[in-house]
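All chains should be modelled from the sequences, with the hints used to inform the complete structure.
Chains A and B, in that order, give the protein sequences. Under the working numbering, the first residue of the first sequence is numbered 1, with each subsequent residue one higher. Under the working numbering, the first residue of the second sequence is numbered 1, with each subsequent residue one higher.
Hints may contain errors.
[What the hints assert, rightly or not] Footprint (simulated), chain B over chain A, 3 or more residues, beta carbon under 8 Å:
{"hint": "1", "region": "5-15"}
{"hint": "2", "region": "35-43"}
{"hint": "3", "region": "48-54"}
{"hint": "4", "region": "69-78"}
[To be verified] Restraint-style ranges between C-beta atoms, simulated for each label pair:
{"hint": "5", "chain 1": "B", "residue 1": "Q121", "chain 2": "A", "residue 2": "T91", "range": "43 to 53 Å"}
{"hint": "6", "chain 1": "B", "residue 1": "G95", "chain 2": "A", "residue 2": "R88", "range": "48 to 58 Å"}
{"hint": "7", "chain 1": "A", "residue 1": "K90", "chain 2": "B", "residue 2": "R91", "range": "25 to 35 Å"}
{"hint": "8", "chain 1": "A", "residue 1": "G3", "chain 2": "B", "residue 2": "N75", "range": "44 to 54 Å"}
{"hint": "9", "chain 1": "A", "residue 1": "K90", "chain 2": "B", "residue 2": "L148", "range": "49 to 59 Å"}
{"hint": "10", "chain 1": "A", "residue 1": "F89", "chain 2": "B", "residue 2": "I3", "range": "42 to 52 Å"}
{"hint": "11", "chain 1": "B", "residue 1": "K89", "chain 2": "A", "residue 2": "F89", "range": "37 to 47 Å"}
Worth flagging that the hints you see were computed from the coordinates, not collected in a lab. Quick caveat, the model's predicted, so the values are computed rather than measured. Beta carbons are placed, not taken as given, at the ideal position from N, Cα and C, and that holds for glycine.
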Amino acid sequence: MSGVPMEHGLVLAAILFALGLAGLMFRRNMIFVLMSLEVMLNAAGLAFIVGGTAWQQPEGQAMFLLVITLAAAEASVGLALLIQLNHRFKTLDLDAASRMRG
Amino acid sequence: MEIAFYLSGLVAVLATLGVITNANPVHALLYLIVSLIAVAMVFFSLGAPFAGALEIIVYAGAIMVLFVFVVMMLNLGEGVAAQERAWLKPRTWLGPAVLAAALLLVLIATLWRGDIGLVIQGETLTAKMVGITLFGPWLIVVELAAMLLLAALVTASHVGRMAPDKPATNRETGARGDA
Chain A
1 MSGVPMEHGL VLAAILFALG LAGLMFRRNM IFVLMSLEVM LNAAGLAFIV
51 GGTAWQQPEG QAMFLLVITL AAAEASVGLA LLIQLNHRFK TLDLDAASRM
101 RG
Chain B
1 MEIAFYLSGL VAVLATLGVI TNANPVHALL YLIVSLIAVA MVFFSLGAPF
51 AGALEIIVYA GAIMVLFVFV VMMLNLGEGV AAQERAWLKP RTWLGPAVLA
101 AALLLVLIAT LWRGDIGLVI QGETLTAKMV GITLFGPWLI VVELAAMLLL
151 AALVTASHVG RMAPDKPATN RETGARGDA
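Below you can see the structure in the form of structure tokens.
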């Protein structure tokens, strides 16, 4: 056998995405929620790379660069919110911040 | 190349399982770094070395260091791990796990019944080709990414700022101090 079928790469991306989604849904600690979001963004980037290498086009890697930019922006804003949550509520439980009140 | 792909894919899936089931935040972070490096190995084996290097440098090197610093700053003790273990009951994770598994099943079934028929031979797509794409026809996208990063910088520095115990502000004049 020579080469990896494109489906296998996409299945790997789907598994990673589903794992991140499950973690996002059943975790209440904000650190774990942010980590699950990173896993999901990473899975999306993997799907771009698989598509780009299957068709031998560099656009896949260019899109991956944008995904990484988005992940960096999301992580920095999310971690700033996490610090504020810990500062105001003295906990990392996301349910503590469920009321819209300054 | 095939063996490298399947082995690092397996490592990535197992490490991600470790991320979402671990009770200790620091251990989960280390598992996440292992997962990201395994995905970078997948990129190398598929023939995308530029993306693999970026994954290690930016993701595992910069974003994860940011996470580690924040976890260090929060000074999470043993109490957090105990709290996480208390939250991780089967009653809590069974429903989301079933939903995610159903989604995964649909995705895999769709891929299985499709007829893409493409095989990745692992020929290298060099950084030169990516650079020509980025700074030729995709230039506006690079500038949009720069704008996004600038907006994230401003937002993070505004949101993450601790409010100092500022003196009372005068309602009429807006002057600080005890006027």
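query: For the pair K89/B and F89/A, does the Cβ-Cβ distance stay inside 37 to 47 Å?
result: violated, 23 Å
query: Falls inside 43 to 53 Å, the C-beta gap from Q121/B to T91/A?
result: 51 Å Cβ-Cβ, so the 43 to 53 Å window holds.
Coverage assertion for the region 69-78 of chain A with respect to chain B, Cβ distance below 8 Å, three residues required: Three-residue rule met by the region 69-78 of chain A, so holds; n is 9.
- prompt: For the pair G3/A and N75/B, does the Cβ-Cβ distance stay inside 44 to 54 Å?
  reply: holds, 49 Å
- request: For the range 48 to 58 Å, tell me whether the beta carbons of G95/B and R88/A fit it or not.
  value: violated, 30 Å
task: State whether the coverage of the region 5-15 of chain A by chain B holds or is violated, taking the criterion as 3 or more residues with Cβ-Cβ distances under 8 Å.
output: holds (count 10)
- request: Could you check the hint for me, namely that F89/A and I3/B are 42 to 52 Å apart, CB to CB?
  value: 49 Å Cβ-Cβ, so the 42 to 52 Å window holds.
field: Range hint 49 to 59 Å (beta carbons of K90/A and L148/B) holds or violated
entry: violated, 32 Å
query: Counting residues of the region 48-54 of chain A whose CB is closer than 8 Å to a CB in chain B, do you get three or more?
result: holds (count 5)
- prompt: Do at least three Cβ atoms from the region 35-43 of chain A come closer than 8 Å to Cβ atoms of chain B?
  reply: holds (count 5)
field: Outcome for the supplied range 25 to 35 Å, where the beta carbon pair is K90/A and R91/B
entry: Check passed, 27 Å falls within 25 to 35 Å.
Hint check: violations occur at hints 6, 9 and 11; the rest are consistent with the structure.
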